[in-house]
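Visitor: In case you want the letters, here they are:
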Amino acid sequence: MNSFEINKRKAKFNIVDMVIIVAVIGIIAASFIRGDIVRRFTETDNATVVYTFEARNLKSTSALYIEEGDKLYVKDSGKYIGTITGFTVKNALTVVETADGKLIEGTLPDRIDLIVTAETSGRKTDAGVFINGGLFISAGKEFEITTDKLTYPMSIENVYISETDTSS
Amino acid sequence: MNGSVIKQKKIRRFNLIDLLVILLVIALLAGGVYYFTSSERGGSDYIDLEFTILVKSVKSTHSDKVAVGDKLVETRELCELGFVTSVSVSPATLATVDRETGRIMNTAVPGMSSMEVTVTAKALKSGDSYIVNGVPIRVGEQIFFRVPNLSAVGFVESMTATGEES
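Going down the list, the protein sequences come from chains A and B.
Letter 49 of the first sequence, counting from 1, is numbered 49 in this note's numbering, and no numbers are missing.
Letter 114 of the second sequence, counting from 1, is numbered 114 in this note's numbering, and no numbers are missing.
Every clue listed holds true.
Below, simulated DSSO-like cross-link-like pairs (lysine-lysine); rule was C-alpha separation at most 30 Å, straight line:
no.	chain 1	residue 1	chain 2	residue 2
1	B	K125	B	K56
2	A	K124	A	K75
3	B	K59	A	K141
4	B	K71	B	K56
5	A	K59	B	K59
6	A	K149	B	K59
7	B	K56	A	K102
8	A	K141	B	K122
9	B	K71	A	K124
10	A	K141	A	K71
11	B	K125	B	K71
12	A	K102	B	K59
13	A	K71	A	K90
14	A	K124	B	K122
15	B	K122	B	K56
16	A	K90	A	K141
17	A	K149	A	K71
18	B	K56	A	K59
19	A	K59	A	K141
20	A	K90	B	K56
21	A	K59	A	K75
22	A	K141	B	K71
23	A	K141	A	K124
24	B	K56	A	K141
25	A	K124	A	K71
26	B	K59	A	K75
27	B	K59	A	K124
28	A	K90	A	K59
29	A	K102	A	K59
30	A	K90	A	K79
31	B	K59	A	K71
32	A	K124	B	K56
33	B	K71	A	K75
34	B	K59	A	K79
35	B	K59	B	K71
36	B	K56	A	K75
37	B	K59	A	K90
38	B	K71	A	K79
39	A	K90	A	K149
40	A	K149	A	K75
To be clear, the hints were calculated from the coordinates, so they are not data collected in a lab.
Next up, chain A with everything else stripped away, as it sits in the complex (with noise of 0.2 Å):
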């Protein structure tokens, strides 16, 4: 006698399918609606920013190691931010204390300040200027950047959009 045994398992659909299906579904719907993903994937980076910022209190040498071209980037995450199109350097600034209580000011003997140009790819949008993917901009945001020959703290003074020819 033959008998010919098949094991023959059936997948049904059952309840605990659905109730992870649906999670998963609403998971990701919520994570669209709060995350703004829509938007973030649409909008793309089709301004150029311009932005200034300044870098206090430098030993004057620093300024033989900048120069127009310099491509930026943020030292903790390597994230490049700008390509410098121009700079000026001043005698570092500083508040002194005088004998009578005032405070005025003055400059430091052998340090200088840059002020720096630089320009990037970015968007503006209702909640700011972003630049290179997602990187928030503003005065007042500070950053340790380098350059190939050069490191520094520097703090943003002003940014602004230039729109370029293809936001048409």
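Put chain B on the given structure of chain A with help from the hints.
Guide: Chain B alone, transformed into the frame defined by chain A:
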């Protein structure tokens, strides 16, 4: 010779593992609903909270970069803390000493300003504490924040619960 085909049909029974998976998924769903909606939806524990952040020293050229209506975002947790309802700017000061007379005085710092930024938000009352979008708001709490045109850091100077939500 007998060719009999025996089909073995495995009957799936609902078991403890299935129950645990369902409970886990329901818990995740409930947690997700709470997390994603807690800032938009009020409830009996949510109140209107008005608090003021003091930025002690900011460059005077930046003091006009916070506007009424700006959305204020806490930058460490990247969560919204509310909307700016007023901004007050005054000269930043530092305690200095007149060395001749020994008098201690508050002296204006050249080029620097102090800002008081008042924010209104929906806060969750937890005991005697107020929580806005997961951030505890207490007098003295340091707040790293941004608005569309400025990034700054300040301290909560004062706060008032302005109403109860029914």
